[in-house]
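**Student:** Build out the structure end to end from the sequences listed, making use of the hints.
Protein chains: 4
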Amino acid sequence: MQLGLVGLGKMGFNMRERLRRGGHTVIGYDPRPEVTDVATLADLAGQLAAPRVVWVMVPSGPVTDETIRSLADVLEAGDLVIDGGNSRYTEDGPHAKLLADKGISFIDAGVSGGIWGLEEGYGLMVGGSEADVARVMPIFDTLRPEGPVADGFVHAGPVGAGHYAKMVHNGIEYGLMMAYAEGYELLAAEDLIADPQAVIQAWTNGTVVRSWLQQLLAKALAEDPDLAAISGYTEDSGEGRWTVEEAISHRVPTPVIAASLFARFASRQEDSPTMKAVSALRNQFGGHAVKRVGLSG
Amino acid sequence: MQLGLVGLGKMGFNMRERLRRGGHTVIGYDPRPEVTDVATLADLAGQLAAPRVVWVMVPSGPVTDETIRSLADVLEAGDLVIDGGNSRYTEDGPHAKLLADKGISFIDAGVSGGIWGLEEGYGLMVGGSEADVARVMPIFDTLRPEGPVADGFVHAGPVGAGHYAKMVHNGIEYGLMMAYAEGYELLAAEDLIADPQAVIQAWTNGTVVRSWLQQLLAKALAEDPDLAAISGYTEDSGEGRWTVEEAISHRVPTPVIAASLFARFASRQEDSPTMKAVSALRNQFGGHAVKRVGLSG
Amino acid sequence: MQLGLVGLGKMGFNMRERLRRGGHTVIGYDPRPEVTDVATLADLAGQLAAPRVVWVMVPSGPVTDETIRSLADVLEAGDLVIDGGNSRYTEDGPHAKLLADKGISFIDAGVSGGIWGLEEGYGLMVGGSEADVARVMPIFDTLRPEGPVADGFVHAGPVGAGHYAKMVHNGIEYGLMMAYAEGYELLAAEDLIADPQAVIQAWTNGTVVRSWLQQLLAKALAEDPDLAAISGYTEDSGEGRWTVEEAISHRVPTPVIAASLFARFASRQEDSPTMKAVSALRNQFGGHAVKRVGLSG
Amino acid sequence: MQLGLVGLGKMGFNMRERLRRGGHTVIGYDPRPEVTDVATLADLAGQLAAPRVVWVMVPSGPVTDETIRSLADVLEAGDLVIDGGNSRYTEDGPHAKLLADKGISFIDAGVSGGIWGLEEGYGLMVGGSEADVARVMPIFDTLRPEGPVADGFVHAGPVGAGHYAKMVHNGIEYGLMMAYAEGYELLAAEDLIADPQAVIQAWTNGTVVRSWLQQLLAKALAEDPDLAAISGYTEDSGEGRWTVEEAISHRVPTPVIAASLFARFASRQEDSPTMKAVSALRNQFGGHAVKRVGLSG
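Protein sequence lines, in the order shown, are assigned to chains X, U, H and W.
Numbering (our numbering) for the first sequence: 1 to 297.
Numbering (our numbering) for the second sequence: 298 to 594.
Numbering (our numbering) for the third sequence: 595 to 891.
Numbering (our numbering) for the fourth sequence: 892 to 1188.
I should point out that these hints are in silico values taken from the structure, not numbers from a laboratory.
Here the structure is a predicted model, which means the values were calculated and not measured.
Treat the hints loosely; a few may be bogus.
Covered, in the sense of this in silico footprint (three residues per stretch, anywhere, with C-beta under 8 Å from a C-beta of chain U), are these stretches of chain X [as the list claims (entries may be wrong)]:
#, segment
1, 67-76
2, 118-129
3, 155-169
4, 269-282
Glycine included, every Cβ here is placed at the ideal spot set by N, Cα and C.
**Tutor:** Below is the structure:
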């Protein structure tokens, strides 16, 4: 089928390619002339036959918000917009309403798989009405991995459910990575272990901990055995923060995901004010303070 | 080749079967007459041609210790003992020494895969000398999964390294399970999500979080959507505790593995003395206390 | 000086008493006829000489919001409103603006001390302009404990700073209580310790861990040695949740405060969905599952 | 009464002084000539009238062990040794037995208070027999702070109980310091807060979080408002590690104490291998990897 695709970055570019390989007609828009198919969003709308489907694949936050507002101007009643970026699920309702006011439908789609998606397909979690999802299903079927539909695609619920599921997916991802990483450090710290990489590699088949991330860790260590070229400074892109905020909102204890998030925060501090304060306290009671501190009541 | 196998429980029984299918001659010993091949450990030794190889697959701790001591009595110089149970790696050195005093070799082997190992093969992490490992390699080759050796088997280092690697494997496993489980609870807590099982099932292909455990969780939820038949009471078998103890010993921060361990401890408490104390404190300052407490200095 | 006081619950009732003992004229309003001095907020305004000062001491959230809106109607330019409840600091800006539109000033005041404040005084953290704080200082001086001003009162910054400081105070409080409570459980778990209460009592003088909360814990255990009458079910009133949300917003790692918050969440669950999922996973790979789960790519 | 005191470091030196002020006859031994009263442990024994009491106040571990062995040689039946250092409680049993074999009694004493103890007195937690504790009570009475006995001294149980109680005391201390420190960082991170020191100072009177550590933190910040002269690198002296190990041994969840311990470990790492591994994983799936990784089963 015919699809407009806004945003041809690392994800969108590959998705256009995968969709074209699957026989779809994709018209892509991107501000960079070297990758775009059309000059403006209005051109994009002009080249698509109504009713149109436009997939938005741009950075979450203001850029997504602005893109959806612009599409509301150039699209018309009966069209459908999919937000495939990593938007916070709480933004989906307002976006859906904004578009619905013009008769335009909305689907939120969580997309997982990174750079491997072009070849392996993308794991998809979508939110929206039954009718809207059914309408776009040919697109989803091409983007998702081969195999049973239910193993790589889920219609998770109404608008917002797709991004919520993707948020939780990423929260789990934080915890999984941290668990493997802690284990790696323990292997590297123990003299008995000749080669941590070989141990992690050997978990590929048969073990309880085998996974895609386990294989990627083995691969990373094969390329750089001491991870000498890699800093511990670790960014986070929002989903981890939102997951813990949702946990708080739902009163769900998530010690593992929160610990994984905090470890990222800590990795970005040159020195920790918290630990400076702990150190200052030890200093105070441990022998260097000279003035008496009474405990008043 | 010929192998003695002590312990024909859930793991040992299946391993005997897999080894026999692989063409090895296995003589199994177990105190239960219905599964054993011989009446005593002495019989076991008597039926094996020297130099013998005996695999011990019994519960870790006293039972393993006693078994190895008994084998030291019935085996002779040139024989080799493998401890394939979940022994703490610190016990391997003493066991190796005990046997070495009689000229008997020792290998420690961490075995992963649970009940699936019979068909899929067992992930193996072993510790010992090069010569000893080479000698038993035909057994390891049959037990491990098909595919490249390095993907399902590792000679991790000298005696102790196999069980250390297995301990870390299980510590990671605690963290992975907890990460998925926290994510499950968040999905179940959110009204937008129509069916948490469907979301987790959809992570099977293409996503960053795909793994064997993820598939098992989807399977468990397919069998019992609300996990209504399952209690949160969760045992631990030692490796998680040892992993955190090793982390402390190596001064390695492992917040995720420790949180996963503590969550198991908490799951087994009817009421938490810690939280009773917190509650009592809130009670004291929040309005029900009647006597004044001064702060003395 | 003259003060209107809205809300005569556990906190407000005692504050009226302490202020009157201090020589101030306090007109209190509460919907409960048995404690109120006036029938309506309009009466309250009518009985105060302009320019008025009105202290709001009602539950945070909608009740506070509604009270401030009502005061905006019955007060006039030049008056001043203090929110002394546990409002989230992000609500202070909007409240200040709402009042400023009518020429009414606003101060946010965090108040600590619970039921002990009547006799011991209340720890105060306030936010607002220099002029506004100076104007109300006689009230603050009576409410705060005796001793140096700086030991029981702080003008923490502009509007919002008082409630922010109080929020952090309560976040710390969560961590302190949890630290003592974990220690209590360890004492109670160890047979060597004859009487945990006696140990905690003995920390009152001379030790590094002496504090008001430590004394309250000793007192609680003296009243009920096994805390038999107290459930571990522990509520939270918002500040702990907000503190962790602020930590996330500021990218500050707060593992201790977050762990204390999650422990409260967990204390209120009859069974933990997270641990049910962990338990289900152990069940799947550990021996009861019967169907093979392949790991697709 | 008469007392031998082995170890005249920061703690022992002050304790000798406090005991002498209290009217006791103290003969101190230390390898440093400038502080010692006698040349050798044998001299120490020689100058004390039998039955002797000797207090050991030296670094825990090998130094304490060696000192107690040496005392076993120079003391005689009827004498009594007190270990007042930070020994692990599990070492008390063997030490007691070693001495008991020669008819010498043993008491373990946890001592809290640091450099403030000289003037304020030392919080004491002791383990041993009723008779032994009664015999040394005059010494304890002089060392402990003024006020009710039970507020600064506890006979916690049999041999080992004193050091166990002190270990838990220090574990709690880790958690308390971390809670305050996290709160400090949150105050420092928020622009609304004019001066974190002033806020923490204002918690001295009336608040729920008031404590000796809170006052020390206010004092440290008064001396160095940004803690600019203090590094976050934070040592640990063993009790925190032992506390978590005991928690594991007793199956007691201690998330707060463990998080505080791990934060110290992390503070001493230049770069975190765990976070390097997390970063490497993000790198692998996020866009820089070039080779396909299949997920084998």
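**Student:** Confirm or reject each hint.
**Tutor:** Checked hints:
1. 67-76: Not satisfied, violated; 0 residues make the cut.
2. 118-129: Since three or more residues must qualify, the claim that chain U covers the segment 118-129 of chain X holds, with 7 doing so at under 8 Å.
3. 155-169: Since three or more residues must qualify, the claim that chain U covers the segment 155-169 of chain X holds, with 10 doing so at under 8 Å.
4. 269-282: violated (count 0)
Of the numbered hints given earlier, the model fails hints 1, 4; all others are met.
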